[in-house]
Amino acid sequence: EDKVVQSPLSLVVHEGDTVTLNCSYEVTNFRSLLWYKQEKKAPTFLFMLTSSGIEKKSGRLSSILDKKELFSILNITATQTGDSAIYLCAVESSASGTYKYIFGTGTRLKVLA
Amino acid sequence: NAGVTQTPKFQVLKTGQSMTLQCAQDMNHNSMYWYRQDPGMGLRLIYYSASEGTTDKGEVPNGYNVSRLNKREFSLRLESAAPSQTSVYFCASSEGAVSSYEQYFGPGTRLTVT
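Chains as they are written, first to last, in our numbering: chain A, -6 to 106; chain B, 43 to 156.
Bound conformation, chain A alone (with noise of 0.2 Å):
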């Protein structure tokens, strides 16, 4: 059975600690992973990664994919009250010919001021 495990639950941190948000998954027929912050509403979407040891940055935010480990890290620098947010892991996976997407249960992050 697919599944996406991320850790930690919940973190709490103070602004400027750097944070690293995990993210395992078993899937068949791995295609990409993707990660996303959701604030109050929907997620927004943050990285896209397909390949193994290629760093995608984002101002503060960095994250890498280790396809051989099955394991992917978010990290977050300088971290800012406005990072407070559900950080959610979704690996695509292809089954006879379609596509769909599954979810771990997200990291909630809050970062105090």
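Each statement offered as a hint is correct.
Between beta-carbon pairs, the in silico distance windows are: (1) A:19 / B:99: 16 to 22 Å; (2) A:55 / B:81: 25 to 31 Å; (3) B:56 / A:62: 47 to 53 Å.
The list that follows gives simulated cross-link-like pairs (lysine-lysine, DSSO-like), each with its CA atoms no further than 30 Å apart: (4) B:56 / A:33; (5) A:33 / B:99; (6) B:51 / A:30.
Don't read these hints as lab results, they were simulated from the structure.
Please read all numbers here as calculations on a predicted model, not as lab measurements.
Just so you know, even glycine gets a beta-carbon here, dropped at the ideal spot from N, CA and C.
Dock chain B against the given chain A, drawing on the hints supplied.
What follows is chain B alone, placed relative to chain A:
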């Protein structure tokens, strides 16, 4: 571009009532999805449509039906609502098929079944 739109935003139903959640996208995407999100459970796939004219069950399809009316629209129907279907429902779309693309999400529908 409105992106992905969902109606209604909020709905309260009594047990046994039926209703249809509407979703439309204006990005010419091939694939569309319905998820439910419950506390501590992440997003769980109910049904998806890889392309116009096809639909497939996801992880939690029981109690739901879907219709891919055309390329733009993908509706989710609850025939006989149950309290266990109280949740936030998200519709999403992606270009789909040939290469990997991110999903774009609608604003969600908060459904309460009493």
